[in-house]
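Asker: Required output: the full structure, derived from the provided sequences and hints.
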Amino acid sequence: MELTGAQILWQSLKDEGVDTVFGYPGGAVIDFYDALVQYDINHILVRHEQGAVHAADGYARASGKVGVCMVTSGPGATNTVTGIATAYMDSIPMVVITGQVPTSLIGNDAFQEVDIVGITRPCTKHNYLVKDITRLERIIKEAFYIARSGRPGPVLIDIPKDVTNSRTVYQAIQAVQMESYNPTYHPNTKQLAKVVNLIKEAKKPIIFTGGGVVLSKGAEALTKLAQRTNIPVTGSLMGLGSYPGTDAKLWLGMLGMHGTYRANMAISDADLILAIGVRFDDRVTGKTDEFARKATIVHVDIDPTSIHKNVTVDVPVVGDCRLTLEALNQLLDAEDPAVIGPERTEWLGQIKKWKDTNPLGYNQKDCATIKPQYVIEKLFELTKGDAIISTEVGQNQMWAAQYYHFSKPNQWLTSGGLGTMGYGFPAAIGAQMAFPDKVVVDVAGDGSIQMNIQEMATAVQNKLPVKIVILNNQYLGMVRQWQELFYKKNYSQTDMTHAPDFVKLAEAYGASGFRTEKPDEVESVLKKGLETPGPVIMEFMVSREECVYPMVPAGAPITNMLLV
Amino acid sequence: MNGDKSILSILVDNEPGVLSRITGLFSGRGYNIESLSVAETMEPGISRITMITRGDKHIVEQIKKQLNKLINVIKVLDFTEQRHVLRELALIKVHARAESRAEVLRIVDIFRCKIVDSGPDHYTLEVAADEDKLSALLNMLQPMGIKEIARTGSIALVREMH
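Each protein sequence line maps, in turn, to chains A and B.
For the first sequence, the working numbering begins at 1 and goes up steadily by one.
For the second sequence, the working numbering begins at 1 and goes up steadily by one.
Keep in mind that the hints are not guaranteed to be accurate.
Computed from the model, here is a short list of chain B residues facing chain A with C-beta under 7 Å [unchecked claim]:
| id | residue |
| --- | --- |
| 1 | 65 |
| 2 | 69 |
| 3 | 71 |
| 4 | 72 |
Heads up, simulated DSS-like pairs for lysine-lysine below, C-alpha to C-alpha not over 25 Å straight-line [claimed, not checked]:
| id | chain 1 | residue 1 | chain 2 | residue 2 |
| --- | --- | --- | --- | --- |
| 5 | B | 57 | B | 69 |
| 6 | B | 5 | A | 309 |
| 7 | B | 75 | A | 141 |
Ranges of calculated distance between the beta carbons of each label pair, as one might list FRET restraints [stated by the list, open to error]:
| id | chain 1 | residue 1 | chain 2 | residue 2 | range |
| --- | --- | --- | --- | --- | --- |
| 8 | A | 103 | B | 43 | 21 to 29 Å |
| 9 | A | 247 | B | 159 | 56 to 64 Å |
| 10 | B | 54 | A | 103 | 36 to 44 Å |
| 11 | A | 107 | B | 40 | 17 to 25 Å |
| 12 | A | 555 | B | 153 | 37 to 45 Å |
| 13 | B | 43 | A | 107 | 23 to 31 Å |
| 14 | A | 282 | B | 130 | 35 to 43 Å |
| 15 | A | 555 | B | 126 | 52 to 60 Å |
| 16 | B | 126 | A | 14 | 54 to 62 Å |
| 17 | A | 186 | B | 161 | 29 to 37 Å |
| 18 | B | 15 | A | 408 | 39 to 47 Å |
| 19 | B | 40 | A | 103 | 21 to 29 Å |
| 20 | A | 436 | B | 82 | 54 to 62 Å |
| 21 | A | 175 | B | 54 | 39 to 47 Å |
Please keep in mind that the hints were generated in silico from the structure rather than gathered at the bench.
Backbone N, C-alpha and C fix where the C-beta goes; we use that ideal spot for every residue, glycine too.
Answerer: Have a look at this one:
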């Protein structure tokens, strides 16, 4: 069957099971949009290309499927770069299709021409410029395969306009194999036997779970491992939801710069760390020389470059997190349950002591203004911990991480690696597309919500009932916090007092808006906002100079925490 | 960058942009390329990149893993610890006036170079050698006056065991 390049693209997307594409048309992709009507695919028209790529990312994180976005050449393509880098840092499967000027014009500085393959080379898992239509189908197939396999990541396909409108035979390729790309899924069994022995011998073991557990759908196996071995669990920002956050006995909360006191103390005192699907980011380790010096470290990751990169480990295991955890559980089946999972009275008792001396906390009772943490706790209660939560970046993100106790994977969408302000709202739109019936809430600050607020029109147009909680402290709060603590309160360029009226702004877009500055109205505003159909902004005027605690100063050992 | 020299032989898909993926990886992560040489292999569609890089054990390990992670990289071989043959090619244009022509020819003979171009006051020498021999040759030619020099990066193959 002979098809145009545009038809081959849509047909290939259908074959990959894609039902939703986030995009924005333009001259170089007009043929794609012309052909779109022939295919049963939802296209969500965003208001800025950055919105499209973050929405595809949010869709991917919530659903576990590959997110797809389509934009035109030149500025359309460059507007996706932040979103691509965001997805790359957090290993999110995504395919980005960019239009390109006709092949005959490439290199001539044509109108809306940019070398997007060159620009995105360091922030994609792989990328392609399709110069020959006969390669198009195979490249799309490869792109999806690369995006979702191994350590997932974004793949960009740049398609010149003449390729979209010429014709070739569509072959319906079933699967691709690539000589040069073969991720290792199955762990080395000898290494696993070592891990089992270490578990048996350890007196102060700890599990450190990360985004790899969520991505590999390994949360269930991880939970099983932790509970049968009675080993406490801490998580990176990306690992939240991979272990029930409501398990007061074994869950220690997040570790690192804004981790809990008990998590940071426990990992520093541990004699065995089972690090699963993490990359020992500097926000986790603090000063690496002093990180977990007493521990034997087991590191499981599908990407060999993650291992020994920041921290030297004792037992490296290259493999898929879920398959590795399942294999470990299988090996543990042969062991005496009492030996692998003793009471650990002393170790868990010590952790409880740490928890009791310095619990996460804030004091709303004696405060006339709203504490941002209180808003998140109430949001957790009212949504029964079951909402999909996206965040922007900064204090709002850290409070959401600390006070919304995630119990399931894929309900926590946050830009962990790149720290992209403006991510949360479009990501929430993407997640809501994947799960139209779920409660999806973007936890935002007054600064970051303004970075992609234009997507309110997208939400309203598509009747996506995304809820936005703005913790408004009229500052770029996290930068202000650093200025307060480390720059002698020199609040240089972080005062955001001049802001739009967010309630009126919501209404101007055809959405709803509510605001309060009173602590005793927090619950009712949240209730009203969550119950109101359609997109809603709930704005909470919070204590302006509230800080996120604990805090480990950048570059310090993680036991060196500033507490409340 | 400090550390020992490593000789990496990288088999890659012969596709546009592959070299820039590799050099981009090095510049982006702050690794060092001392020399680089690329050409096709016997197998169609596959090229060999021979690269000399420098770094401590930890960095070289990371370089190899990062290279392997690139989709277009088929195989990364490290020849450093193996018995290998290593050569680079140089073309050297050296002043050769009446008083020094004989001396240049003697050096050519000793170092087994070839003269590939000559004129009234110059010779152009071709030599394939390892780095030590090449620098010895350049030392010898220095007094005559080297007009120009062009060198390739090193290429290497592992020695077969007998």
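Asker: Check each numbered hint from earlier against the structure, then list the numbers of those it violates in ascending order.
Answerer: none
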